[in-house]
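In the order they appear, the protein sequences are chains A and B.
Convert by adding 37 to the 1-based position in the first sequence; the result is the number in my numbering.
Convert by adding 37 to the 1-based position in the second sequence; the result is the number in my numbering.
Warning: the hint list may mix true and false statements.
Because identical chains share one entry, a pair is satisfied inside a single copy or across any pair of copies.
Stated by the list, open to error - Below, in silico cross-link-like pairs of lysine-lysine (DSS-like), each with a Cα-Cα straight-line distance of 30 Å or less: (1) 327 - 261; (2) 394 - 227; (3) 362 - 270; (4) 227 - 210; (5) 51 - 360; (6) 227 - 360; (7) 270 - 51; (8) 327 - 305; (9) 305 - 51; (10) 270 - 327.
Simulated from the structure, these hints should not be mistaken for lab results.
Number of protein chains: 2
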Amino acid sequence: MDYRQSPNLSLRTKVSSDRLEVSLEEDDLGEPQNDEIVVRVEASPVNPSDLGLIFGAADPRRAIVKEAGGRRRLVIPLDERQAGAMAARRDLSLCPGLEGAGTVVDASKRHEALIGRTVAIFGGGMYSRFRRISVDDCLLYPEGTAPASCASSFVNPLTVLGFLETMRDEGHKALVHTAAASNLGQMLVKVCLADGIDLISIVRSPEQARLLEAIGAKHVLNSKDEGFRGRLKDLVRETGATLGFDAIGGGPLACDILTAMERAFTPKTFSMYGSVVNKQVYVYGMLDSKTIEIRRTVGAAWGVGGWLMMNRMAALGSARVDKLKQRVVREIDTSFRSNFNATIGLEDMVDPELVIKMIGLETGAKYLLDPSLNGPRP
Amino acid sequence: MDYRQSPNLSLRTKVSSDRLEVSLEEDDLGEPQNDEIVVRVEASPVNPSDLGLIFGAADPRRAIVKEAGGRRRLVIPLDERQAGAMAARRDLSLCPGLEGAGTVVDASKRHEALIGRTVAIFGGGMYSRFRRISVDDCLLYPEGTAPASCASSFVNPLTVLGFLETMRDEGHKALVHTAAASNLGQMLVKVCLADGIDLISIVRSPEQARLLEAIGAKHVLNSKDEGFRGRLKDLVRETGATLGFDAIGGGPLACDILTAMERAFTPKTFSMYGSVVNKQVYVYGMLDSKTIEIRRTVGAAWGVGGWLMMNRMAALGSARVDKLKQRVVREIDTSFRSNFNATIGLEDMVDPELVIKMIGLETGAKYLLDPSLNGPRP
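Assemble the whole structure, with the sequences as input and the hints as a guide.
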C-alpha cells in the first residue's frame, strides 16, 4: 500500500470529562523534511507501558463498543476519581506505541539511500500504519532483517543495559530482579550470564522458575515458596547483591529485598543503626499500582526510588547510549530476542475481549501489533 | 570528685532472652594511653536515638523497679517478638549517650595541656561519670565554655550541616523539613537563614508554627491544616525545593512531600511518566516506626531513603567534616544553641515515671543529663 494513495490510520486514545475513547483515526502524514524518513510500521510490541497510556485509569471491563463511519471505537465511562487522575491529558488525542520497526518507504533527499531498509524506531506513536520520524530516533538494521525480530529494540533492551550501567555507576556488583520471567527478565538473565554478573531472579510460580533455569539462570527464587526470605538473604550474602530492580512496586516486596540485604550484611559488632552497606531497590514498573510499603527493618543505609529508562539514558549521554544501542543491534537475535504470543492488527486494539485478555496476561506473554495488517487478525 | 578515688559509674542497658535491664554499674576506667584523655562528663543530651538504644523494642510502661546493693534498676519483661527484634544485642552490656561535654581531668603525657579545658565528645558511652576517650573524638572549646552549652555539638549540628552538604552534592537548591519545631529543626531554620537557603518547615500544631516564625522561619506549614497539600505544592513551586528530610518515617508524609513536588513540577507538555525533575526525601528519624507508605502519585523520578549522619560524615571525608565542626564551635551559642527542659542525674534514668515522660515528650522538648550530679535531681 502506497502511503500517498490513502490517508494514514493510527490508534488514538483521548480523555474527556467523563469518558476515555480508543479509536482509529485517519490523518495526513506529510512529507519527510530535513533529517526525516517515512516508515511503514510492521511490528510494534504491546508493552505494559503502552497499555498504560491507552487505558490510563479507565477500566476496560466497562468498555462499550460504538460504531461510526464503518469504524469501531471503544468508549469507557470514567468516574470523577478516574477523570481527575488523567486531568493532565484531557482532550489530547494521543497515539500510543513507544517503539516498533518497519521498512523505510520514503525519505528526505539526504536519506534516500535508506529506502527499503529495516529500521527500529523509538519515538512514540508507533500504533500507526506509517510513521514520519527523524533518523536520530531510528536504529538501522542489516538488510533483510525482519521487522518483527527487531520491534523491541529499545524499551526492554535499553532497560536491561541501563540496569547494568546504574549498577556499575553506583558501586554495586550483583543484582536482584523481580517479575523476572518477563521478556525483560529473560534478557537480563542472558546479559548477566554473558557479562559474568551474579543475578538473583525472583518469580511467582514454579513454571516461571523452570523457564529461567532453562535459559541458564543460576539463582531463581519463587516468592511464594516457604522460606523465601531466608533463602533470599543467603543468596544476597553469597553474591553480594546490594541493588534490586523491581517491576511490581505495590506491596512489601521491595522492602523484603532490602530487609534480606540488611540481614545479609548485619555487622558482626552490634550497632543500633545496623549495616553501613548501601542497599538500593529501584522500582521501574507498576505491575501492582498499590502503595509501596517500606517497614523499618531495612537499617539506615537504604534507598527506594523510581527508575525510568528514558531519564537514565538522558543522564548517561549520547555517547554511552550509542554504545548500548550498537550492542542491541549485534545481539537482537540472541540476548535481546523477544517472544510474542500472537500478532494482531490495529483493529484488534478496539476489540474489548482481546484488550481485556492482553491486560490480564501473565508475565512473559505479550502481543505484537502489525499496523500494516488489513482488518483484524485471522 | 577525683575519678581515681572511687570506681566510675555508668548507665547500662542489656537485653537477655526475656528481659531488658537498665541499671547503673561500676567499672574501672583505666589510665589514659597514647592520644587519650579522661573527661568528667557534665552534660549529655537525652536524644531520641539515645532513648532508642536504652529501651529498644521494650515497653518502658511495663518496667519494674528492682533494688540491689543500694542501687535501683529497671527490669522490663520482653515478649518473643521484642526479644527477637533485639537479638543482635543480646547479652551485651551497652552504655548509652551518643554525645556530651565536660572538663578534661586527666590526659596522656602528650595531651596534658588539655587538663581543665572544656571538650565536646562524640563517641558513645557518655552516660557515665567519666569517659576515657581519644582526642580525635573530641572538639576543643574556648576556655571557660560551659559544658551544658556545647553538650549537643554533634548529633543535631552535624545533621543540619550534613543536610546542606547532601543538598549541594545532589544538585538541589531548597529544602522541606518535617517535625520541624525540634531543636534540630530550629537549628536548620537559623542555618538556612544565614546561608540564604529556602526552607519549608512542616509542623503539627499552631504553637510549633509560632515558635519557628518567632526565630525567623519564612515558610511554615501545619500538616493538620486543611489545604496543607495544596499549599505545600505552591511553596515547593515557589522555592524549587526538590529535597526533603523527614524525621517521622511512618505513614504517608514522605509520599505527600514527593507528590507535592511532582505536582509542582508537572511538565506543561503531557508525559505519561510525569516530571523529569529528580525528587528525593530522606528519612533520618523514626518518630513513627510504622510502615513508610509510598503511593504511585510520585511520578517516575523520585527517591526515598535512609539518611544517617555518621554514614554521611564518613562519606564526606575528614577534611570536609573538620570544616563543619569548626562552624559548630563558632556558632554553638547562636545557630546551634540547644534548649533543654530540665537537667537530670544518672539515677533519674532508672526512674520509670521520668523515663515515660521523656519518651512521650513533644517535639522540641528535651532533657539534659549531668552524670556528675550526685543522686537524683532535686
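Among the hints numbered above, which are violated by the structure, and what are their numbers in rising order? When the structure is compared with the hints, numbers 3, 5 turn out to be violated.
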